[in-house]
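Number of protein chains: 2
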Amino acid sequence: MRVLIALGGNAMTAPDGSARPEDQRAAVTAAMDAVAEVVASGAEVVLTHGNGPQVGNLLVKNEIAASVVPPVPLDWCGAQTQGTIGLLILDALEAALSARGGTPRVAALVSRTLVAADDPHFTAPSKPIGRYLPADEAAAMIEHGQSWQDRGAPGWRRVVASPDPIECLEVEAASVLLAAGYAVVCAGGGGVPVVRTAAGPLASVEAVIDKDLTAAVLAGQLGVDVLVIATDVDAVVLNWGTQDAQAIGAVSAGELRSLAAQGHFAAGSMGPKVEAACRFAEAGGRAVITSLDRIADAVADTTGAAGTIVTP
Amino acid sequence: MRVLIALGGNAMTAPDGSARPEDQRAAVTAAMDAVAEVVASGAEVVLTHGNGPQVGNLLVKNEIAASVVPPVPLDWCGAQTQGTIGLLILDALEAALSARGGTPRVAALVSRTLVAADDPHFTAPSKPIGRYLPADEAAAMIEHGQSWQDRGAPGWRRVVASPDPIECLEVEAASVLLAAGYAVVCAGGGGVPVVRTAAGPLASVEAVIDKDLTAAVLAGQLGVDVLVIATDVDAVVLNWGTQDAQAIGAVSAGELRSLAAQGHFAAGSMGPKVEAACRFAEAGGRAVITSLDRIADAVADTTGAAGTIVTP
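Residue numbers (the numbering used here), protein chains in the order written: chain U, 1 to 312; chain S, 1 to 312.
The set of hints was computed from the structure by calculation and includes no laboratory data.
Among the hints, erroneous ones may be present.
Pulled a few chain S residues facing chain U out of the computed Cβ check, cut under 7 Å [unchecked claim]: (1) GLY86; (2) ALA108; (3) VAL110; (4) ARG257.
Positions of the beta carbon are idealized from the N, C-alpha and C atoms, including for glycine.
Please construct the entire structure, taking both the sequences and the accompanying hints into account.
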């Protein structure tokens with residue numbers, strides 16, 4: 001059995017969203033205990049992960065230090081988080097596997113994701129990222145070519161393009177490592193977005209890709225049996241936050257899309273997870289949205305008892 | 001034939017040492033043209049690279065933004081540079097290989113290098129890193145547990161431990177990828193230093209490892225035929241900068257060590273390259289110290305015409 005586990009922010013930050021180094025290390029360590037259970041069961045495991053708070057921190061450092069050290073582009077910030085989160089996962093997953101008595105084999109790949117140079121998101125950037133700034137400081141950033149939006153009371157915030165992922169470029173290297181018994185970290189933060197230039201070669205671009213949508217693409221490319229989208233709730237919930245709240249067990253992609261169209265799922269949080277699960281299910285796979293501590297159960301379950309299972 | 005190419009700073013920065021993003025991209029693009037020639041010749045190629053200026057920049061960002069964003073430890077900065085430089089190499093080497101008509105296969109691994117927890121360098125840190133600060137600002141850093149030294153006129157500078165590399169932990173993953181036809185980027189910046197903790201698991205530590213010494217270790221682990229140390233001069237030179245300057249062609253490790261003992265090679269630049277070449281040659285291999293544009297010639301040459309060849 002081949003499994004792709006997409007780790008949400010709670011696998012890399014404190015419950016309050018804080019991303020101090022010690023918070024990240026503690027969260028990854030806890031998450032890898034759950035992942036190790038799946039690896040130890042004999043499944044081939046691919047891991048991908050979010051990086052929102054981490055990239056946000058890097059952007060703030062870029063801005064504050066800009067007069068002393070040249071800022072690096074947003075795509076480089078994504079690559080930087082693949083390095084740090086990859087490092088944390090290597091150490092923590094190997095430790096969790098060693099504790100279970102096996103020989104740990106874990107590898108983390110610097111990973112790119114192809115997007116279309118003419119993706120409409122590039123002309124209408126809408127993904128908020130980084131800190132809030134007062135209007136005058138935002139205006140200075142806009143002069144440097146960035147897009148910032150007035151968000152009311154908290155201030156202005158940078159918005160970037162979040163183009164649709166087309167293809168994970170490290171999929172063949174990941175396949176080679178999987179076949180050799182490695183758990184493989186790939187497409188972290190959705191992968192560094194790259195486009196094909198007019199001259200042919202690839203070049204990374206300043207954008208971010210939704211990590212769950214990339215996970216659905218990667219799951220399809222690798223032909224995984226289950227795509228597990230791990231987050232901080234046990235399942236997809238209808239009427240979230242009301243008396244009529246109701247967890248969804250097993251559901252078809254068509255039904256789930258209807259519910260999404262009714263506005264049940266927030267654009268910035270459950271929305272992309274539902275979209276990713278539907279895409280993978282529509283391509284013939286099984287997708288599960290569940291909490292970190294139910295990953296192992298969710299891989300084995302087909303009834304919807306361990307999360308929201310989305311089927312074709 | 002299996003080759004390890006260790007890329008020096010001039011493969012990732014402008015000739016004046018500047019490490020703006022455009023400088024890094026231009027330097028990597030030029031370097032990958034030379035590397036592609038070796039890959040296209042049919043050799044199995046492992047790449048490693050330095051990261052001094054890049055890590056220095058990240059440390060400065062850490063310091064300047066510390067009151068707003070939590071700084072990350074030095075080992076994380078190293079991992080971050082593996083992400084960015086790995087990304088640049090993936091794009092540039094694939095482009096150079098595609099231009100030669102082949103199917104490019106390149107992978108970059110987040111990489112750790114084992115060092116001893118009781119390495120004497122940890123108690124006497126001596127590797128200067130990052131920017132100069134006035135005494136009062138350095139004193140504040142020292143209060144936070146860092147080591148800083150008075151360097152005279154330019155100010156105080158942080159010094160960190162540069163422990164001896166023992167083992168590259170990603171060597172098996174690199175071997176799997178090499179066997180599948182990949183050029184593999186591994187142990188960037190000497191690898192992220194990790195120690196075995198008392199409890200057993202690995203943990204990364206705040207230090208930097210000389211990338212050429214790590215390259216010698218990795219070359220031994222991978223059983224490469226040639227270790228190429230690529231830098232900004234054509235060969236090792238005796239009496240550097242004098243009328244008696246003389247390039248060394250073929251030399252034995254023993255002879256080269258004698259010359260090193262006579263003080264011919266600077267501690268911070270040619271010294272570690274000579275030490276790395278000697279270590280690999282003493283283990284039975286062939287090491288070459290040469291310039292970037294002579295890499296391909298140096299791989300094939302055994303006479304010392306294309307660089308300084310160090311043999312057992």
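Results of checking the hints against the structure:
1. Because the smallest distance between the Cβ of S:GLY86 and any Cβ of chain U comes to about 4 Å, under 7 Å, the interface hint for this residue holds.
2. Because the beta carbon of S:ALA108 sits about 4 Å from the nearest beta carbon in chain U, less than 7 Å, this interface hint is met.
3. A hinted interface residue such as S:VAL110 counts as satisfied when its beta carbon comes closer than 7 Å to some beta carbon of chain U; here the least separation is about 4 Å, so the hint holds.
4. Taken as an interface hint, S:ARG257 does not check out: its beta carbon lies about 35 Å from the nearest beta carbon of chain U, beyond 7 Å.
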